[in-house]
Amino acid sequence: MDALYRRIYCLLLRLHPAPFRNEFACEMALDFEDTLHTYGFGRLLLDATSSLARQWSAHILSDAPDPVSARRPSLLAGDYVIVHDRAITPLELGRGMLASTAMFALCTVALTVSPGHVLGIPIVSASSSVSAMERNPRPGTRMPMDESSNSGFKVSRSAVAAPAQIGTAATMVPSSGPAAIPTPGCALAESAPTGSKPELLLFHPSGPLPSYEVATIKPLDPNTASDMVRLGPGVTLRPLSIRRYIMNAYGAIYPPQVIGGPDWINKDAYVINGKVPDDLQSAFQKATREDRINQIRMMEQCLLADRFHLKAHYETRVLPVYELVPSRNGLKITEVPAPPERKPSDPPTRPRPGDSLAPGSMMSKPKGNGVRVLNGRAIKMQLLTRVIGGDVGNRPIVDHTGFSGYFDITDLTWAPLSDAAAASQPDAPSLAGALEEKLGLRLVTAKDPIEVLVIDHIDRPTPN
Amino acid sequence: MNPDAQQHLPLSPATLHVLLALTEGELHGYGIMLEVARQSGGQYKIGPGTLYDNLKKLLSARLVEESQPASPETGTRRAFQITTLGLEVLTAEVERLSGVLRHARRSIRLAERRS
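Those sequence lines, one after another, are chains A and B. Numbering-wise, the numbering used here puts 98 at position 98 of the first sequence, and it's gapless, one number per residue. Numbering-wise, the numbering used here puts 15 at position 15 of the second sequence, and it's gapless, one number per residue.
Check before you lean on any hint, since a few could be wrong.
Claimed, not checked - Below 20 Å or equal to it, Euclidean Cα-Cα: the simulated DMTMM-like pairs (lysine to aspartate or glutamate) are:
| hint | chain 1 | residue 1 | chain 2 | residue 2 |
| --- | --- | --- | --- | --- |
| 1 | A | Lys275 | A | Asp306 |
| 2 | A | Lys275 | A | Glu213 |
| 3 | B | Lys45 | A | Glu33 |
| 4 | A | Lys438 | A | Glu335 |
| 5 | B | Lys45 | B | Glu26 |
| 6 | B | Lys45 | A | Asp34 |
Unchecked claim - A few chain A residues that don't get close to chain B, going by computed Cβ distances all over 10 Å:
| hint | residue |
| --- | --- |
| 7 | Arg7 |
| 8 | Ala48 |
| 9 | Arg95 |
| 10 | Thr216 |
| 11 | Pro262 |
To be clear, the hints were calculated from the coordinates, so they are not data collected in a lab. As the structure is a prediction and not an experimental result, all values here were calculated from the model. Virtual Cβ for every residue (Gly too), placed ideally from N, Cα, C.
Bound-form chain A, shown alone:
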């Protein structure tokens, strides 16, 4: 029900005159979230409707200045002191109400006919109940409609289709850090075509879970455990924590996507070795990388259920996120052709030092002073959000650029927040600054519905 309320309220915000909407709609939407349960929706709806009428009246009056109104003693004066002023005539009020009603009707029709695309405003995620206005973070910031239409890029009308490309793109990420964890989570692409799905979908297994032929779990001293998750040739996963292992098994990109559980899942470290059954191993040779990863995930989920007695369920929760959106000056990179499709028999295209990047791949590596440099060739925005997501803490980054094409990224340089030496570099911009200056993209705060895994029960495993 909250999602419906949010949609209605955001629709009302969109109906406000553009100057007011651009300056305050984002804050109003945030305040709506904060006050919904204390004030009640009815009161907030009445408040927004009154604001709508006031703003349109003021907007119309400001377009045609009334000499009588201009002599009002104070713009802040209450109505009781301006009874002699002809501030708003019935005709003007009628015009305002008519314009508001017509716009409301048009928006309603647009929502009904084309969910997720309202009056040309590109709502990138049809699954999000948060409106485009709510995603407009800063006053005076236009939504990316103009930039996208001028540059010829197609605006994505449904971000739920985005995870379908994540798996493909993620295969190219070098395994040199937490951001390189291969977490495709693309199995839901076909099951999420409607506008009611959350973003950052998790991996849902299809069919019965296959299991490892043999699996060993050995405790590891957390102080000596590597901070990286590595997938070796023998499907050996070396997680820093069981939470990280669960994240990988369920396709979670960000820690907030796994909720609950005892504290030890954040601290205990294990070396988990699983042997893939021979028949499945041979089937892997002919499978796509996405299929292989999905099979591995299902075996990991099976192991978690068998050895850790994990019980969990999926939920959708509205979480604080960063949304990646175009800056008001437009995108500074141009679209490039899509990378060639890869066949299952193709060798992995993991880039090596010194090699040029293969199409569809990207590499993020630190320089000597701790400053991070990111290069990518024919990559999608979804992959970019995931790679830079490792540098903004635990807050997920959601792609709301609306650009579904492929882009080259050359020497995107920034000082990671976690690196004090890099942060002290006077010339190194922050990630947000680098994104805006180099790519024409911005990170803005928002709250979006995100799919999360809630841990109901988990036990420590018996080592073997």
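Let chain A serve as the given structure and place chain B on it in line with the hints.
Same frame as chain A, now just chain B:
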């Protein structure tokens, strides 16, 4: 009294409450709403529409200024603070209301004596 402050009088109740809330320090929108409710003992609550309608006017009249822009990196929201002129206007309004109250009390007492 500052003539610039005088020209903004009288203030509407919502404007008065918003300015009064900002005397507590810089606040973001939700903070202003909470402070208004607190100062009025929960009897007067303003919604986001009323708040930003008033903030728009207060910003244009330079009675309030933005003290902190929204920052995506830190997750902070826009914060507002009252200006010197805003404080003068608020002071003038409170003095004006005090005069109205004095006059009202005297009138009521006279009316009660007559009746």
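Okay, the hints, checked on the actual structure:
{"no.": "1", "hint": "Lys275(A) x Asp306(A)", "in the structure": "holds (15 Å)"}
{"no.": "2", "hint": "Lys275(A) x Glu213(A)", "in the structure": "holds (5 Å)"}
{"no.": "3", "hint": "Lys45(B) x Glu33(A)", "in the structure": "holds (16 Å)"}
{"no.": "4", "hint": "Lys438(A) x Glu335(A)", "in the structure": "holds (15 Å)"}
{"no.": "5", "hint": "Lys45(B) x Glu26(B)", "in the structure": "holds (19 Å)"}
{"no.": "6", "hint": "Lys45(B) x Asp34(A)", "in the structure": "holds (14 Å)"}
{"no.": "7", "hint": "Arg7", "in the structure": "holds (16 Å)"}
{"no.": "8", "hint": "Ala48", "in the structure": "violated (5 Å)"}
{"no.": "9", "hint": "Arg95", "in the structure": "holds (19 Å)"}
{"no.": "10", "hint": "Thr216", "in the structure": "holds (42 Å)"}
{"no.": "11", "hint": "Pro262", "in the structure": "holds (28 Å)"}
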